[in-house]
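Protein chains in written order, with our numbering: chain A, 1472 to 1580; chain B, 579 to 691.
No wet-lab data here; the hints were simulated from the structure. Careful: at least some of the hints might be erroneous.
Using 27 Å as the maximum straight-line C-alpha spacing, the simulated DSS-like pairs for lysine-lysine come out as follows [said to hold, decoys possible]:
no., chain 1, residue 1, chain 2, residue 2
1, A, LYS1525, A, LYS1562
2, A, LYS1572, A, LYS1524
3, A, LYS1539, B, LYS679
4, A, LYS1575, B, LYS587
5, A, LYS1524, A, LYS1539
6, B, LYS679, A, LYS1524
7, A, LYS1525, B, LYS587
8, A, LYS1572, A, LYS1526
9, A, LYS1579, A, LYS1539
10, B, LYS587, B, LYS679
11, A, LYS1575, A, LYS1524
12, A, LYS1539, A, LYS1525
13, A, LYS1562, A, LYS1575
14, B, LYS679, A, LYS1562
15, A, LYS1524, A, LYS1562
16, A, LYS1539, A, LYS1575
17, A, LYS1562, A, LYS1579
18, A, LYS1526, A, LYS1575
19, A, LYS1526, B, LYS587
20, A, LYS1526, A, LYS1579
21, A, LYS1575, B, LYS679
22, B, LYS679, A, LYS1572
23, A, LYS1539, A, LYS1562
24, A, LYS1539, A, LYS1572
25, A, LYS1526, A, LYS1562
26, A, LYS1579, B, LYS679
27, A, LYS1572, A, LYS1562
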Amino acid sequence: KNEVEQSPQNLTAQEGEFITINCSYSVGISALHWLQQHPGGGIVSLFMLSSGKKKHGRLIATINIQEKHSSLHITASHPRDSAVYICAVSKGSQGNLIFGKGTKLSVKP
Amino acid sequence: NAGVTQTPKFQVLKTGQSMTLQCAQDMNHEYMSWYRQDPGMGLRLIHYSVGAGITDQGEVPNGYNVSRSTTEDFPLRLLSAAPSQTSVYFCASSYEATNEKLFFGSGTQLSVL
């Protein structure tokens, strides 16, 4: 069993819809990252969180340490949000990450 | 700031050839790392460094060497390329090793024939 599981694997939404991507992990962590990988391949860090909730524009990330679960929400989705969203957890002091396999999001106009 | 600069973007090698993937950052980051990304799998850590002169192995280090002679540069060397090393490689850096936002290079698509 993978230490980091994301769901769903693929997600198609209509423009304007509210989107939720889930990440569950089975190890003790010091932080969780949400990354965005664009169709061109570049990877951008969206959030790093160790507790609670963070918001940036239309993106919201939450984490529940007790349940070992995090969610990434996108409000008022737009075709430019189409990308692969990757969850990664950091365990140990060296900050080495374990990555989920990603969720491929496609937002249709 | 240029951020994390990774070269080349594309490379084709023959089995047995050696090459170096370059990674440089201009943000004075202590932590640098190399990952490979294969279809159907998450990114996997190859090697990492927590500062100049300090490197360590990640999850999949076999067939790769690294060194960190300066804070800025963290090259990844393929000693004798094998088809199993066909992958997309990403370099990343962060200010410190623990719980810091990561900055990624643009990736290198490597094919080994």
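Is it true that the CA of A:LYS1572 sits at most 27 Å from the CA of A:LYS1562? holds (17 Å)
Restraint check for A:LYS1539 with A:LYS1575, where alpha carbons must lie at most 27 Å apart: OK: A:LYS1539 and A:LYS1575 at ~22 Å, within 27 Å.
For the pair supplied as a hint, B:LYS679 and A:LYS1572, confirm whether the alpha-carbon distance does not exceed 27 Å. holds (19 Å)
Just to be careful, I want the Cα atoms of A:LYS1539 and A:LYS1562 compared with a cutoff of 27 Å; is the pair within it? Satisfied, since the Cα-Cα distance of roughly 13 Å is no more than 27 Å.
Satisfaction of hint between A:LYS1575 and A:LYS1562, Cα-Cα up to 27 Å: With Cα atoms ~25 Å apart, A:LYS1562 and A:LYS1575 stay inside 27 Å; holds.
Assess, step by step, whether the Cα of A:LYS1579 is no farther than 27 Å from the Cα of A:LYS1539, and give holds or violated. violated (31 Å)
Has the given pair, A:LYS1526 with A:LYS1579, been kept, meaning a C-alpha gap of at most 27 Å? holds (24 Å)
Would the hint linking B:LYS587 and B:LYS679 be met if the CA-CA limit is 27 Å? At roughly 23 Å apart (the allowed maximum being 27 Å), B:LYS679 and B:LYS587 satisfy the hint.
Below or equal to 27 Å on CA atoms is what counts here, so check A:LYS1562 against A:LYS1579. violated (36 Å)
Under the criterion that the straight-line Cα-Cα distance not exceed 27 Å, is the pair B:LYS679, A:LYS1562 satisfied? holds (14 Å)
Satisfaction of hint between B:LYS587 and A:LYS1575, Cα-Cα up to 27 Å: holds (23 Å)
Holds or violated: A:LYS1539 with A:LYS1572, Cα cutoff 27 Å? Answer holds: A:LYS1539 to A:LYS1572 is near 17 Å, not above 27 Å.
Checked against the numbered hints given earlier, this structure breaks hints 7, 9, 17, 19 and 26; the rest are met.
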